[in-house]
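Chains as they are written, first to last, in numbering that gives the first Met the number 0: chain A, 0 to 484; chain B, 0 to 484.
These aren't lab readings, by the way, just hints derived from the structure by calculation. Zero decoy hints are in this set.
No distinction is drawn between identical chains; accordingly, a pair holds when it is met within one copy or between any pair of copies.
Straight line, CA to CA, 25 Å or less: simulated DMTMM-like cross-link-like pairs of lysine to aspartate or glutamate:
| hint | residue 1 | residue 2 |
| --- | --- | --- |
| 1 | 279 | 243 |
| 2 | 467 | 389 |
| 3 | 467 | 396 |
| 4 | 23 | 468 |
| 5 | 460 | 387 |
| 6 | 467 | 390 |
| 7 | 19 | 387 |
| 8 | 98 | 243 |
| 9 | 460 | 388 |
| 10 | 484 | 78 |
| 11 | 19 | 390 |
| 12 | 18 | 396 |
| 13 | 185 | 217 |
| 14 | 98 | 387 |
| 15 | 19 | 389 |
| 16 | 279 | 365 |
| 17 | 446 | 30 |
| 18 | 23 | 399 |
| 19 | 370 | 217 |
Protein chains: 2
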Amino acid sequence: MSSINSILQRSQAAFAVYKKVSGKQKALFLEAIASAIESLGHPLIQTAMQETRLPEVRLVGERGRTCSQLRQFSALVTEGSWVDARIDTALADRAPLPKPDIRKMLVPLGPVVVFGASNFPFAYSTAGVDTCSALAAGCTVVLKAHPAHPQTSELVAQAIQLAIKETGMPDDVFIHVPDSSFETGKALVQHPFTKAVGFTGSFAGGKALFDYAAQRPEPIPVFAEMGSLNPVFILPKALVARSDKVADMYGASITQGVGQFCTKPGLLFGVQSEQLERFKTQLADRLKAIAPATMLHSGIAESYVHNRASALRQAGVTLLAESNAQPLPEQGTPTLAVVRAHDFIQNQQLSEEVFGPYSLLIAADDIHQMKVAAALLPGQLTATIIGEEEELHAFSDLAELLAEKAGRVVINGVPTGVEVCPSMHHGGPFPATTDARFTSVGTDAIKRFVRPVSFQNFPQKLLPDELKDSNPLGIWRLFNNEWKK
Amino acid sequence: MSSINSILQRSQAAFAVYKKVSGKQKALFLEAIASAIESLGHPLIQTAMQETRLPEVRLVGERGRTCSQLRQFSALVTEGSWVDARIDTALADRAPLPKPDIRKMLVPLGPVVVFGASNFPFAYSTAGVDTCSALAAGCTVVLKAHPAHPQTSELVAQAIQLAIKETGMPDDVFIHVPDSSFETGKALVQHPFTKAVGFTGSFAGGKALFDYAAQRPEPIPVFAEMGSLNPVFILPKALVARSDKVADMYGASITQGVGQFCTKPGLLFGVQSEQLERFKTQLADRLKAIAPATMLHSGIAESYVHNRASALRQAGVTLLAESNAQPLPEQGTPTLAVVRAHDFIQNQQLSEEVFGPYSLLIAADDIHQMKVAAALLPGQLTATIIGEEEELHAFSDLAELLAEKAGRVVINGVPTGVEVCPSMHHGGPFPATTDARFTSVGTDAIKRFVRPVSFQNFPQKLLPDELKDSNPLGIWRLFNNEWKK
Numbered sequence: 000m001s002s003i004n005s006i007l008q009r010s011q012a013a014f015a016v017y018k019k020v021s022g023k024q025k026a027l028f029l030e031a032i033a034s035a036i037e038s039l040g041h042p043l044i045q046t047a048m049q050e051t052r053l054p055e056v057r058l059v060g061e062r063g064r065t066c067s068q069l070r071q072f073s074a075l076v077t078e079g080s081w082v083d084a085r086i087d088t089a090l091a092d093r094a095p096l097p098k099p100d101i102r103k104m105l106v107p108l109g110p111v112v113v114f115g116a117s118n119f120p121f122a123y124s125t126a127g128v129d130t131c132s133a134l135a136a137g138c139t140v141v142l143k144a145h146p147a148h149p150q151t152s153e154l155v156a157q158a159i160q161l162a163i164k165e166t167g168m169p170d171d172v173f174i175h176v177p178d179s180s181f182e183t184g185k186a187l188v189q190h191p192f193t194k195a196v197g198f199t200g201s202f203a204g205g206k207a208l209f210d211y212a213a214q215r216p217e218p219i220p221v222f223a224e225m226g227s228l229n230p231v232f233i234l235p236k237a238l239v240a241r242s243d244k245v246a247d248m249y250g251a252s253i254t255q256g257v258g259q260f261c262t263k264p265g266l267l268f269g270v271q272s273e274q275l276e277r278f279k280t281q282l283a284d285r286l287k288a289i290a291p292a293t294m295l296h297s298g299i300a301e302s303y304v305h306n307r308a309s310a311l312r313q314a315g316v317t318l319l320a321e322s323n324a325q326p327l328p329e330q331g332t333p334t335l336a337v338v339r340a341h342d343f344i345q346n347q348q349l350s351e352e353v354f355g356p357y358s359l360l361i362a363a364d365d366i367h368q369m370k371v372a373a374a375l376l377p378g379q380l381t382a383t384i385i386g387e388e389e390e391l392h393a394f395s396d397l398a399e400l401l402a403e404k405a406g407r408v409v410i411n412g413v414p415t416g417v418e419v420c421p422s423m424h425h426g427g428p429f430p431a432t433t434d435a436r437f438t439s440v441g442t443d444a445i446k447r448f449v450r451p452v453s454f455q456n457f458p459q460k461l462l463p464d465e466l467k468d469s470n471p472l473g474i475w476r477l478f479n480n481e482w483k484k
Numbered sequence: 000m001s002s003i004n005s006i007l008q009r010s011q012a013a014f015a016v017y018k019k020v021s022g023k024q025k026a027l028f029l030e031a032i033a034s035a036i037e038s039l040g041h042p043l044i045q046t047a048m049q050e051t052r053l054p055e056v057r058l059v060g061e062r063g064r065t066c067s068q069l070r071q072f073s074a075l076v077t078e079g080s081w082v083d084a085r086i087d088t089a090l091a092d093r094a095p096l097p098k099p100d101i102r103k104m105l106v107p108l109g110p111v112v113v114f115g116a117s118n119f120p121f122a123y124s125t126a127g128v129d130t131c132s133a134l135a136a137g138c139t140v141v142l143k144a145h146p147a148h149p150q151t152s153e154l155v156a157q158a159i160q161l162a163i164k165e166t167g168m169p170d171d172v173f174i175h176v177p178d179s180s181f182e183t184g185k186a187l188v189q190h191p192f193t194k195a196v197g198f199t200g201s202f203a204g205g206k207a208l209f210d211y212a213a214q215r216p217e218p219i220p221v222f223a224e225m226g227s228l229n230p231v232f233i234l235p236k237a238l239v240a241r242s243d244k245v246a247d248m249y250g251a252s253i254t255q256g257v258g259q260f261c262t263k264p265g266l267l268f269g270v271q272s273e274q275l276e277r278f279k280t281q282l283a284d285r286l287k288a289i290a291p292a293t294m295l296h297s298g299i300a301e302s303y304v305h306n307r308a309s310a311l312r313q314a315g316v317t318l319l320a321e322s323n324a325q326p327l328p329e330q331g332t333p334t335l336a337v338v339r340a341h342d343f344i345q346n347q348q349l350s351e352e353v354f355g356p357y358s359l360l361i362a363a364d365d366i367h368q369m370k371v372a373a374a375l376l377p378g379q380l381t382a383t384i385i386g387e388e389e390e391l392h393a394f395s396d397l398a399e400l401l402a403e404k405a406g407r408v409v410i411n412g413v414p415t416g417v418e419v420c421p422s423m424h425h426g427g428p429f430p431a432t433t434d435a436r437f438t439s440v441g442t443d444a445i446k447r448f449v450r451p452v453s454f455q456n457f458p459q460k461l462l463p464d465e466l467k468d469s470n471p472l473g474i475w476r477l478f479n480n481e482w483k484k
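Put together the whole structure using the sequences plus the hints.
Here is the structure:
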């Protein structure tokens, strides 16, 4: 793996320079990446369409989100307060001992290895949140391209290289590794210069990287988002009041993007009743009416066929509905299955993700059994409750339980459509992610790639600008226990 | 291990209640613990003196620090803004899609297993920072008593039980496990209800716990502080100007508390010169004049004798000075050894901690060689530079390098004496700790035991008080991108 060694040596050498680059310069760099991606124009979208089979409108939207993310991080590091600066000045006369001057801020970890994601060729790949939050933090990035969209990745990497030249960043601040082998990924994670890893993909892939990282002589953090069932709990009165509307929302949410979202609702819980029977029929009708569509790549399509069949073979599981249209090769068929909660509770395999437009409706005998099933669920990115105001209050313990299971709890909505804002947390307890304390959506994603350092008794000139008395950057700081600019 | 199972079941049941206790109630509980510890009076100090051989003045001081920590966390959760609340209200008319109401705050992880530390029988043991930050966060605590001070631990645990009764907390919010076996510790970390681990002790102990936690079906975070060499770099002009004063400071810092501090300076780097020779003699004179003293327990005393002898046997290492007084059994002898940087660089074993009043002075041929040695150091809690203003600037790259190696960089001071304030970071890159992103000193220690949860589209009544529109707790929140009370 001498080439891996040379890659990480280059990344480490670039880090020695890049870690000292100012927030405003990093901001220009991120902004230049966004502009360079936009300048690639329609050929980038066409390449991504060919490689990912995603429709143009989705890819145009995702490119917009990607550039918007780059600009959000650009704004974050331009403003600069994200370093969480804290200053406690000296008290030379304090008894029994004088208090030294201590100042603390966040500093970058070092080279970060990022794995491109298949389901977000822009927003979670080459210049996606992992890359852009690491670069914003002051880390260098080694990007392993996802083998399902190598040309798309190459084009975006060229845009980043252009931005590097334009803004005078060190050449190796970003290194694109188009190698598709598993061994390369493993070697990148194991290299001693690598200080953190970002990954979005399967449980098997993410967990393998986590294990390699934990078993290194020097363990490093891995931020792997590995999948989620995104359970939805539909309370009885909501079905009385608006089962048709709920079926509309969920028919769309389950099949959006051929079900290839980490937040796709994979489990729907209801209490056995006439209204639930009606809802089943309504939701079944929605899914029957939605045509199969081509999945991201042949591997994902094959896995969907295999995992769907395996799920449908489980004891007590019945196929309720599938698309009226026959799928072409590599298309995913919208599918709804049902099972009784009694069978669900006894079969852990039903809590495994089927990535694609598949959802399982679980009919509980009563609310109590629904809660028993909820308590057995593994960690999730999201959990949702559909209910009328009064029943939400009556079963407030369900919302409390779900806040223990998930990183985001939604009421009367769908989990798909992840808003990018300061209050968004995208990261749930294991096995949804390897570290529920950090988000991979929004500007807080920068916190994954930094650590605090205290500077004690430093002369002003030796301090980073963020910590100087004169506050030349004009950032918010906790100064002797008071937030000040 | 059925008893371990029952302990964690009790802790989990208590968590279901305790996680809903308000900040103000938790504050009263922490305050009551501090008062109950103080009410134990002198018998607690006497018990600790017998068990730890630490002098009365040190233990009285440490008890004061422990109660002060409890009160700092009490103030933190009374005030309440630590939950980092963020609110983004809905925009129903936004095109193309309405923006939902999303609110985020930190929530407790669940039961935390804390291991008492031998070298801080109060401040890092039964009611120490790990326990008190976990309780402040809303986690329950299972405390494995350190076998070197079981009676001290039992007395403090009784104080906590008293505080539980007085403030009406669930009985099992804190469970004291006096079992000293290694297997018990392992089983506590491996139990599925355990959600995080706090540990202060040896590298072997901390790394074993880290590995057990990483290998669980559901990996959990381990915050282990495992030791540090705390290298000190003494620049040439400082020795010209004030070698006598530096020798004073370091004679005291190396031997304070019989060298049993995680921040004891274990490596002193200087550049070969007449002044360094003079400094050697001066520091040697200080150490010769300091009497050996009894170490914390026989295991630590034996390890010191063994590790000191092993360090002195390394190629090129010479004993420069030891205390003029002969040590009694189980006492640690102040010791200074020297080695040339050339030999130090070639021998990794010289970068292993000798826990006790031992320090190794490394004589470099020049500043360049000193930096080469610095670059090879493993992660540290602290690193220090002693220098005159002009040479600090001339060698500013050394300070930059040390900020990569350590969690705290000190200029013209000693690393011992860890100030408890918002700007203090106590936690360095591996192997100093298992997670350099978190501190075990100061109120930021609470961040180890929480994770964010987003609440989307919640009715006001179902929201935690911290996130309600009316802000009934009056805390600081990021409200539509603006910090507000």
